[in-house]
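A.B. asks: Sequence:
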Amino acid sequence: MLAPELKSQINKLLDRFWSGGIANPLTAIEQISYLIFMKRLEDLDTIHARRALVRKEEYTSFFETHENCRWSQWKHYSADAMLLHVQTVVFPFIKNLNDGDDVLYSKYMKDAVFVIPKASLLQEAVSIIDEMKITERNQDTQGDIYEYLLNQLKASGLNGQFRTPRHIIRMMVELVDPDIGETVCDPACGTAGFLIGAYEHILRKYTSAEIVEIAEDGSSHNLIGDKIIDKKLWNLLKRETFYGYDFDTTMIRIGLMNMILHGIERPNIRYADTLSKKFEQKPIYDIVFANPPFAGSIDETDINDEFREDTTKTELLFIELFKNLLRTGGKASVIVPNGVLFGSSNAHIQARKMLLEECQLEAVISMPSGVFQPYSGVGTAVLVFVKGGKTENVWFFEMLKDGYSLDQKRDLIDGKGDIPDIVSKFPKRENSEQSLLVSAGKIKENDYSLSIARYKSEKEDSEAIAHENPVKLIEKLLDQEREIARRLNELKELTKSE
Numbered sequence: 001m002l003a004p005e006l007k008s009q010i011n012k013l014l015d016r017f018w019s020g021g022i023a024n025p026l027t028a029i030e031q032i033s034y035l036i037f038m039k040r041l042e043d044l045d046t047i048h049a050r051r052a053l054v055r056k057e058e059y060t061s062f063f064e065t066h067e068n069c070r071w072s073q074w075k076h077y078s079a080d081a082m083l084l085h086v087q088t089v090v091f092p093f094i095k096n097l098n099d100g101d102d103v104l105y106s107k108y109m110k111d112a113v114f115v116i117p118k119a120s121l122l123q124e125a126v127s128i129i130d131e132m133k134i135t136e137r138n139q140d141t142q143g144d145i146y147e148y149l150l151n152q153l154k155a156s157g158l159n160g161q162f163r164t165p166r167h168i169i170r171m172m173v174e175l176v177d178p179d180i181g182e183t184v185c186d187p188a189c190g191t192a193g194f195l196i197g198a199y200e201h202i203l204r205k206y207t208s209a210e211i212v213e214i215a216e217d218g219s220s221h222n223l224i225g226d227k228i229i230d231k232k233l234w235n236l237l238k239r240e241t242f243y244g245y246d247f248d249t250t251m252i253r254i255g256l257m258n259m260i261l262h263g264i265e266r267p268n269i270r271y272a273d274t275l276s277k278k279f280e281q282k283p284i285y286d287i288v289f290a291n292p293p294f295a296g297s298i299d300e301t302d303i304n305d306e307f308r309e310d311t312t313k314t315e316l317l318f319i320e321l322f323k324n325l326l327r328t329g330g331k332a333s334v335i336v337p338n339g340v341l342f343g344s345s346n347a348h349i350q351a352r353k354m355l356l357e358e359c360q361l362e363a364v365i366s367m368p369s370g371v372f373q374p375y376s377g378v379g380t381a382v383l384v385f386v387k388g389g390k391t392e393n394v395w396f397f398e399m400l401k402d403g404y405s406l407d408q409k410r411d412l413i414d415g416k417g418d419i420p421d422i423v424s425k426f427p428k429r430e431n432s433e434q435s436l437l438v439s440a441g442k443i444k445e446n447d448y449s450l451s452i453a454r455y456k457s458e459k460e461d462s463e464a465i466a467h468e469n470p471v472k473l474i475e476k477l478l479d480q481e482r483e484i485a486r487r488l489n490e491l492k493e494l495t496k497s498e
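In our numbering, the protein residues as written are 1 to 498.
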């Protein structure tokens, strides 16, 4: 719900980066993040100084020995002087800033590189960011600004990374319904979309209905959480609820900034390859959301010893990882490539067997291949499961439309498609033209296949028989009987002649 003038400013900013020699949108957003962090650091310092004054407490400024690193100090420099100052003074300062509760972002600045090449580009970028008024007082707007920036990512990243559409995230979050007091983890968090989606879902539950504003694309705004009165619950929500991991430090920096600008004060995002030996797989989370990169295989020698799966395929290892990270009774809502649903290798079958026999697999939601355009045309599905117990029935839903065109453009149609139907039917596992409930026994008979096509054809055949006129059905059976008798007689005559 950004105002047209703000969208215009962001587009102008990205255009300047493009014309200034930074054509990769991911690089542009990373550099913009550094500038936003520089500005935000002074805003935070001012807030803390005022609080200390009111409380009559001592306060040591971030800029105690570096006053010339304040945004307000150097934003008025001439273009050439500004570029030199930021390159040689400000950027080294934020890279070496001591980590604290409010400057966690600096921890992941160690290998950051400032690559804005032109003085005029830096000066104009600083001017535009200054005009955007990205401050603590307009939490909704600053989060929307960054989301709008991220929405400009139109190319797949390395290792199969691509951004999950926000309306798909909202659907997956609604199916699990996280709440305050539950810990939420994304073991391949990228730009932190799932963590922010879960945060906003919780906030909406605790915001008076008359305050919430719904945008055309289905996103919620003005989520102030006015029903959360206890300060301890706010601290729990903003500091001890959301946990993410990624092995790409660029993504970590972008994810951290995204969460900070959405109001999550202490994002618990860490650098880790969650499939490797170095990552400790502890069952400590209540909820797992994920759409991890599924590109290729991992080095066999680096696979975590906790895995029982005898495979190097990341899509199968991630499924076991999701289960391993959950407490017993914890729930996951995750995206997998279609190959996981029907792959015939022993590893594929064992992964599906684990989901049915060591978990309660609640739903398999097949999505149309265009959902991840323009990044990828790969077919995917959402799996919803609970760790522990045993599966009795699995609810399948075939999503045919998601509210956007399924081509490269992904134009907005209604922003909903089949999603409201999925969310409303899921609690009771209702059957419809696009959904059906299949017993675990039937799935086991079919090599644990989770392809809806396998069971949909059986359903259609049984429905066709059930709805056929009984007289016509009897006539058809008699015709078949007469045909069998005719062929037997032919065979009998043939035998006599021999």
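The hints are simulated quantities; they were obtained by calculation from the structure and are not laboratory data.
Just so you know, not all the hints are guaranteed correct.
[What the hints assert, rightly or not] Pair by pair, the computed Cβ-Cβ distance ranges are:
1. Ala-3 with Val-212: 17 to 23 Å
2. Gln-87 with Ser-424: 50 to 56 Å
3. Thr-27 with Lys-442: 31 to 37 Å
[Said to hold, decoys possible] Derived lysine to aspartate or glutamate pairs resembling EDC-like cross-links, with alpha carbons at most 20 Å apart:
4. Lys-39 with Asp-179
5. Lys-425 with Asp-411
6. Lys-416 with Asp-217
7. Lys-232 with Asp-179
8. Lys-353 with Glu-213
9. Lys-231 with Asp-179
10. Lys-282 with Glu-265
11. Lys-118 with Asp-80
12. Lys-277 with Glu-240
13. Lys-278 with Asp-230
14. Lys-133 with Glu-147
Don't be surprised by glycine CBs; every beta carbon is placed ideally from N, CA and C.
A.B. asks: Does the structure break any of the earlier hints, and which numbers would those be?
C.D. replies: Violated hints (numbers, rising): 3, 4, 5, 8, 10, 12 and 13; every other hint is consistent with the structure.
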